[in-house]
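Asks: Given the coordinates of chain V, work out where chain C should sit on it, guided by the hints.
Residue numbers (the numbering used here), protein chains in the order written: chain V, 1 to 276; chain C, 1 to 357.
None of these hints come from the bench; they were simulated from the model.
Be aware that a few hints might be false.
Claimed, not checked - Derived DEER-like restraints, expressed as beta-carbon distance ranges: (1) C:Leu-321 <-> V:Glu-177: 49 to 55 Å; (2) C:Arg-315 <-> V:Pro-77: 56 to 62 Å; (3) C:Leu-58 <-> V:Gln-252: 48 to 54 Å; (4) C:Glu-154 <-> V:Ala-3: 46 to 52 Å; (5) C:Ala-281 <-> V:Gln-252: 27 to 33 Å; (6) C:Leu-58 <-> V:Asp-151: 30 to 36 Å; (7) V:Glu-154 <-> C:Ala-281: 50 to 56 Å; (8) V:Ala-144 <-> C:Glu-83: 56 to 62 Å.
From the three backbone atoms N, C-alpha and C, an ideal C-beta is built for every residue, glycine too.
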Amino acid sequence: MSAPLLEVSNLSKAFPLRGVLRARARVAAVTDVSFTLAHGETLALVGESGSGKSTVGRCLVRLLEPDLGSVLYRREPGAAAVELLALRGRELGRRRRELALVFQDPGQSLNPRLPVGEAVAEPLRVHGLVRAREARARAAQLFARVGLEADALERFPHEFSGGQRQRIAIARALALEPRCIVLDEAVSALDVSIRAQILNLLLELQRERGLAYLFITHDLGLASRCAARVAVMSKGAIVESGAVAEVLARPQHAATQKLVASVLSGDPRRKLDAAR
Amino acid sequence: MSALLEVRGLALVFDTPHGPLPVLERLDLTLSSGETLALVGESGCGKTLLALAVIGCLPAGARVVGGEIRFRGRDLLSLAPAERRALCGRELALSFQEPASALNPLLTIGEQIAEGLRLHAGLSKKAAWARAEDLLSEVGLEVRAGYARRYPHELSGGQRQRAMLSIALACGPSLLIADEPTSALDLCAQAELLTLLAALRARREMALLLITHDLAVVAELATRVAVMYAGAVVEEGGVLELFEHAAHPYTQGLLRSRGTAALARSASSTELDAGRAALPANLPAIPGQVPVLGRWPGGCRFHPRCARADERCTRESPQLLPAPPSARAPAPRAAPDATPEVCAQRAACHHAGEERP
Chain V
1 MSAPLLEVSN
11 LSKAFPLRGV
21 LRARARVAAV
31 TDVSFTLAHG
41 ETLALVGESG
51 SGKSTVGRCL
61 VRLLEPDLGS
71 VLYRREPGAA
81 AVELLALRGR
91 ELGRRRRELA
101 LVFQDPGQSL
111 NPRLPVGEAV
121 AEPLRVHGLV
131 RAREARARAA
141 QLFARVGLEA
151 DALERFPHEF
161 SGGQRQRIAI
171 ARALALEPRC
181 IVLDEAVSAL
191 DVSIRAQILN
201 LLLELQRERG
211 LAYLFITHDL
221 GLASRCAARV
231 AVMSKGAIVE
241 SGAVAEVLAR
251 PQHAATQKLV
261 ASVLSGDPRR
271 KLDAAR
Chain C
1 MSALLEVRGL
11 ALVFDTPHGP
21 LPVLERLDLT
31 LSSGETLALV
41 GESGCGKTLL
51 ALAVIGCLPA
61 GARVVGGEIR
71 FRGRDLLSLA
81 PAERRALCGR
91 ELALSFQEPA
101 SALNPLLTIG
111 EQIAEGLRLH
121 AGLSKKAAWA
131 RAEDLLSEVG
141 LEVRAGYARR
151 YPHELSGGQR
161 QRAMLSIALA
171 CGPSLLIADE
181 PTSALDLCAQ
191 AELLTLLAAL
201 RARREMALLL
211 ITHDLAVVAE
221 LATRVAVMYA
231 GAVVEEGGVL
241 ELFEHAAHPY
251 TQGLLRSRGT
261 AALARSASST
271 ELDAGRAALP
281 ANLPAIPGQV
291 PVLGRWPGGC
301 RFHPRCARAD
311 ERCTRESPQL
321 LPAPPSARAP
331 APRAAPDATP
341 EVCAQRAACH
351 HAGEERP
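Excised from the complex, chain V in its bound form (with noise of 0.2 Å):
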């Protein structure tokens, strides 16, 4: 197997506790966090909520510093490895565009008061990559792409179906051309029917562009239609991981027995009383 696009060895995230009398407390969201994600590979990171799921992503993208790990990043399988951990500055503006981040809910991770074109066309010029007129026309060809069209760009968040909104997001993180994209929880809110509509989109682009995903999710059964392994987190740590056919064939762990047993068959015949 050749180089991995990253490497996790170690991660570890710990938040102080609020209030006064705790004032040294701290409780660690993640402990001890390890893992690959090879180029062009979509890593599903399945866990119950409050796994600390959305913190390993959160950490990869530095969107949280983590108190200890590392984080060994290749742009090309042959590439030298960079730690990302260790960059500041600069150096970290450049290596943070290849790496994306969509959230659940766009409706919270959209600027209100932005039009959704602006919206898409600012890490563009925040990132100094084109001049303003041409940050338009890749917003534009962006929103073609996703399956928007080009008169949505002057609209804004609120005119649009979750649906939309998660297309919108999508293409803003697809603007500067990142190596892999962390979708945390970015399907889980949508209607089912749109929510097939979107996976779709993401698997097409990763065919196309050869981007790896992250995918977060708490649900086992959408994890295992769009990614080839899986890690499963409880309480902070990855408990188990392998190919999904297996790890949900045979489920070691207590909590990913607990996750493949809520997966729902869909089919009026098998219900979940009847599994127990």
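Replies: Quick look at chain C alone, frame taken from chain V:
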């Protein structure tokens, strides 16, 4: 057996500065005692407004302009406000979609349950509190852990949903409307809550109107299903008939895109080690967007997203008719507690009897 809840030709509009905007048109629903009817539809198709219309809590600007809502034969819409208040919360109850915003953040969970009991059942403060603790343990929130004295923010999402259920159940309703009870929960909490709902429904012998967009949730609980699209029911029938012999293209599309674990497509570890795991293929999806309120297409409202649509579909709005035998389940299984007429599968599609494309 007479129906518990009967909605006939319900029409509802939103008043806007540009005139009334139709939200529901000619909506029919029937629910018998003890039955679980799932009302399925995407965001913005009007399913929550229907629930609010039934319990009489429509938001400002929304107005019923036609039809009737009969509960045990009495038209709720023509009742005096005091009579209706006496019924809603006691005989029919609603558990809201987002417990975080439906619960009062300033009152403890116990106080919020007791409030309804004192009002409707006339219990003393002490008796209402004791009953609230019983209700909480019925939904799996143990008394010893002191849930009754906690505030909504001290509970997890799943616990809040349970707390809201116990408020709805407090006065022993014969109809519970559950609006998206699990869509804000993670999968483990969802599985637990569905199991709880099934047990509560069976133990209390109440009817359940389950509102959801997720057919996998429907499969777990429902005996009958009504599928809504753009303000109207487009197909209804028994849960097995509908899941195995859907006649409407929209229902068929929803069924194809439902979130089942597609194990066959997942790569095995030998393929992974060899680095030749195929990227997953595209999933079946319904193209297009749900039409925006008030900008419904003419004719069949689903035609812009439908592979079978022809010229007639753009012109003529289809009626909800019994599905032709070719599209229907071979031997419709009549539920023991429903009349055959209620159980019959009906679809609103000009092409309901044809082969799938």
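Asks: For each hint, tell me whether it holds in the structure or not.
Replies: A quick look at each hint next to the structure:
1. C:Leu-321 <-> V:Glu-177: 49 to 55 Å: Once the Cβ atoms are compared, 53 Å apart, the range 49 to 55 Å for Glu-177 (chain V) and Leu-321 (chain C) holds.
2. C:Arg-315 <-> V:Pro-77: 56 to 62 Å: About 57 Å separates the Cβ atoms of Arg-315 (chain C) and Pro-77 (chain V), which means 56 to 62 Å holds.
3. C:Leu-58 <-> V:Gln-252: 48 to 54 Å: holds (51 Å)
4. C:Glu-154 <-> V:Ala-3: 46 to 52 Å: holds (47 Å)
5. C:Ala-281 <-> V:Gln-252: 27 to 33 Å: With a Cβ separation near 28 Å, Ala-281 (chain C) and Gln-252 (chain V) satisfy 27 to 33 Å, so the hint holds.
6. C:Leu-58 <-> V:Asp-151: 30 to 36 Å: holds (34 Å)
7. V:Glu-154 <-> C:Ala-281: 50 to 56 Å: For Ala-281 (chain C) against Glu-154 (chain V), whose Cβ atoms are near 36 Å apart, the range 50 to 56 Å is violated.
8. V:Ala-144 <-> C:Glu-83: 56 to 62 Å: holds (57 Å)
This entry does not satisfy hint 7, going by the numbered hints stated previously; all others are met.
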